[in-house]
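Participant: Residue numbers (this note's numbering), protein chains in the order written: chain S, 1 to 297; chain P, 298 to 632; chain Z, 633 to 1061.
Any given hint might turn out to be false.
[As the list claims (entries may be wrong)] Where chain P lies over chain Z, by a calculated footprint (3+ residues, C-beta under 8 angstroms):
(1) 768–778
(2) 827–834
(3) 992–1003
(4) 1025–1034
(5) 1039–1047
[Stated by the list, open to error] Sample of chain P residues lacking proximity to chain Z, with all beta carbon distances greater than 12 angstroms (derived):
(6) N306
(7) A389
(8) I403
(9) T447
(10) A466
(11) L467
(12) S469
(13) V471
(14) L564
(15) L585
Keep in mind the hints are simulated off the structure, nothing from the lab.
Glycine residues also receive a C-beta, built at the ideal position from the N, C-alpha and C atoms.
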Amino acid sequence: MPDELTPVPGEARAGTESGLVGAQIEPNHSVPPVAGAPKPHPILVVDELTRSFGGLRAVDVDHLEVERGVVTALIGPNGAGKTTLFNLLTGFDRADTGRWSFDGQPVSSPSPDQLARQGMIRTFQLTKSLAKLTVLDNVLLGAPGQAGERLSAAPFRSRWRDQEEANVELADELLDRFNLAHMRDELAGTLSGGQRKLLEVARALMADPVMIMLDEPMAGVNPALAQSLMRHITQLAFEGLTVVFIEHAMDVVTGISDWVVVLAQGRVIAEGPPWKVIHDHQVIDAYLGRRRAGGGS
Amino acid sequence: MDFDIIFGNAARAAFGPEAVILALAAIGLNVHFGFTGLLNFGQVGFLLLGAYGTSVSVATFGWSLWVGILVGLVLSVALAVALGFPTLRLHAVMFAIVTIAAAEIIRILIGSTDAIGLTGGPLSVSFDAGAFYDLNPYPDGPHDRYGVGTFEFTGQQMWVITVGWVLVALVSLVVFLIVRSPWGRVLKSIREDEDAARSLGKNVFSYKMQALIIGGVIGGLGGVIDAIKTSGADPNGFRPQVTFFAYTALLLGGAATYMGPVLGAILFWFLREWIESFLRQLTAEAWLPDAVADFLSGSEGVISVAMVGLTLVLLMLFRPQGITGNRIEMQLDAR
Amino acid sequence: MWMRRLLALAVFVLCFVLAWAVPVSAQSGSEADSSQPTVLEDTLRVGFDQFFAGVEITVADQSGASIGRAVTDSQGQWSVAVPVAGTYRVSLDQSTLPDGIGLREGFESIVEVAVLEGASRAVVFAVGEAPKGTPFGDRAAQTVFNGLKFGLIIAMSAIGLSLIYGTTGLVNFAHGELVTFGAVIAWYFNSSWGELNLIVAAIVTMIVCGMLGAGLETGLFRPLRNRRLGIFQLVVVTIGLSLLGRQVIQLFFGAEPLPYTDFQVQERWEFGPWAVTPRELMTVAVIIAILLAMGLMLQWTRFGKATRAVSDNASLAEASGINVNRVVLMVWAIGAALAGLGGVFQGLDTDIDPFLGFQLLLLIFAGVELGGLGTAFGAMAGSLIIGMSTEVSTLWISPELKFVVPLAALILVLLFRPQGLFGIKARVG
């Protein structure tokens, strides 16, 4: 999708509304819209995080806080370091320097699986659906604390059957919510690109996250499904989940996010409520500068 | 040309101890490669330790055979742990090369003259497997035979293959039970995409290690049967191609299926022996030109192993899912 | 050459097999024959063709009382009957060994052997050329030269593997068989069919191997790439080819070692601590020249630049007008030709047998990995290190264990520097 700088207020009413009502803490009024602004109840606090790839500094964040229970959008031109930042925070890449804390716990040696078990669940830009597992198995894999995942219990069905049945019920609900119920027993590899995106989000939700980090969740998803996904995301925030997502489409960003963080050349150049940020000249420059040089996204 | 003899020989090989050993090696590989995606090219190392652990315990240290078997299996676990810790984080092909190298290192060390006092070195080791045959319920007189026509075994052979196939069945059952569980689901997710498994909180390293140990011990069990069958072990019996034979069996039967490795091992030995027997009968035919007969005679074994190589190539080209696998699953494998 | 001879000799062992013919227990049935005496026996030999006659063997029990004595016959065979199971001392009278033959360092002339009921035990005295007391420095210098030569052979054989991996991502397990193929084809032209001069035979071999490589690419691997076969399937195809190739070679050339007709016996030239044959000097010089030429070609010619571009990013190279398929075809042809030539040199150094290439394959992998996968220069440097460490290790460890060193090095490198010694860490994410 092209980078749209014009907000689409009418379309996104529902989302914004539930965002406004849903967030227990309303950052828009109390938090100044400046880069690195402190938040009242941060779930994630990042300090002096850097990562370079041969001379090129991909991420260089002085200070960043993510507020608990709200929907934060991470935007920026291509190559701004959004995905790299995700990779660093979730332990999939090693930072050169820096420290961060998640849910009050300092993250000292980040390992992806450990962070995931603490409730930081992410999805990937290039979907990682497990092609040769069924759609249902894909979602079931997300369930946390499964007794049957321990080798000592695995051979004895009686020791994990009840939990499995409960998980199947939950998974079916999720599949239903994401319009995948009819594909339940198909191999995930047979899904379309958009369906895989949805499957990945469903799987991530199955993991019962505290904070969910979605890397371009709407890309390639057809508009109707994207609409329903957006509703889900705002609903999740309403239920107390923290959502961070990377997105290029500005209508989506203004539609569902409560807060927007703008990244350019690895730095946080601006943050604030969506309607303020999209009029920020620095942000416009960052995008336009990119346009002049590279010709769009 | 006597097809009864050819068929009898082939059937004997298909259900004989060699097929049991290959089936166990392939079941182990199935846990490694089929379910977890670990490209273990050093499976022969596990067989070697199973066989030598048993043989050396009895022959050199004079321990009982049962202790020896235990030693063989413990050594297999030790190899899995020693191999896994440094290498499980490696890229698939790198892992393959390291495992093949590790198995060769073990073979060279065990087969060296420096190790003669312990393992018999290049001269192989032999021991008395009487403790095993004492339990043989089959009458084993000089004229006792079991089977029909040329498809027959002696009482001793019957005992080895009975125990062997029961073991294969038990091991297959255990693999089935653990793989159909949520534990097995995690293994398969690692095979499909490690990072996805990680992002959902699975400790990928730990699961890979468990799979490596389980598959290794199953391979080690194959080595134990090998040692009992031959009452000893020889370093030349554990060359890298043994691993590739196990892969052939696994891919023939169908990787990531429960019965695939067993069917594959049976089919592997049936075809190999069939070809060899057929060629042997062929060279005796009068109508065959002398030049061709001369060329073939004595080379039957070489040709049958060449056919194994050809089978691998053709399998990958035309039926990568094996005889029991699922075609659609294979097509999703465009990685 | 004497150094290598000594190494080879030392590898060969003298064997005393204690064959224990037991009264067969009940379940062994018909074979029971309690009248058969218990004997200690073996054939005394070096390799498969050199037997030692007239060597005295004495067997004593643990108290030192002599049980029996034997002298080897013309086939090196001897046997001593012993009365009961137990522990015996078997000793070899070194003074009866031929001149220049002795026990290898660290091996005793008396060995205690425990014989268990129903088991046969094996004990070996390792003999070889008697240590001549060569100064350590000289031996070190010689092993360094051997290592250089071996490393160069690996390096030349490795170029193809590395470039093919770089340009197509294929890990070719059949590369070792290309090496073997080169060795046997040259033998065929040199010793069997044409009786061509080995240098001519080697050139013909390179052409034949190059054509084989090109044929494999056009006939098999290009269609497979177009069919988008997975990496695992491709690897399995090469493993199948490796088995097939080795067996076919064995079918036509047998499993027995083959020698070349030319350059077998040559006088050594002395250079300080080094004693080398003209053949060895030629090997080293030719390979260095070829490696330099390859380096220059990759660095400066259009083809070299295209190869590096394809290695870097095949689709980008394709988009910028490079004919990727032609580059890959050339890489296959050149790589196979060099592997074949590597086989010729390796065959000159050792004997030619069907496992020659497969044995080298693991060392080639080690060299390529050590240098960083997919970079030709890294592969050359890595191979030299592998060859050197293999040979130099024989200063301290038994030569039959020398292949353990490069394989262990391979594992260690993968452990601590998976990108290779000279590789650059790939960008993650």
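Participant: So which hints don't hold here, by number, going up?
Facilitator: Those not satisfied are hints 1, 2, 7, 8.
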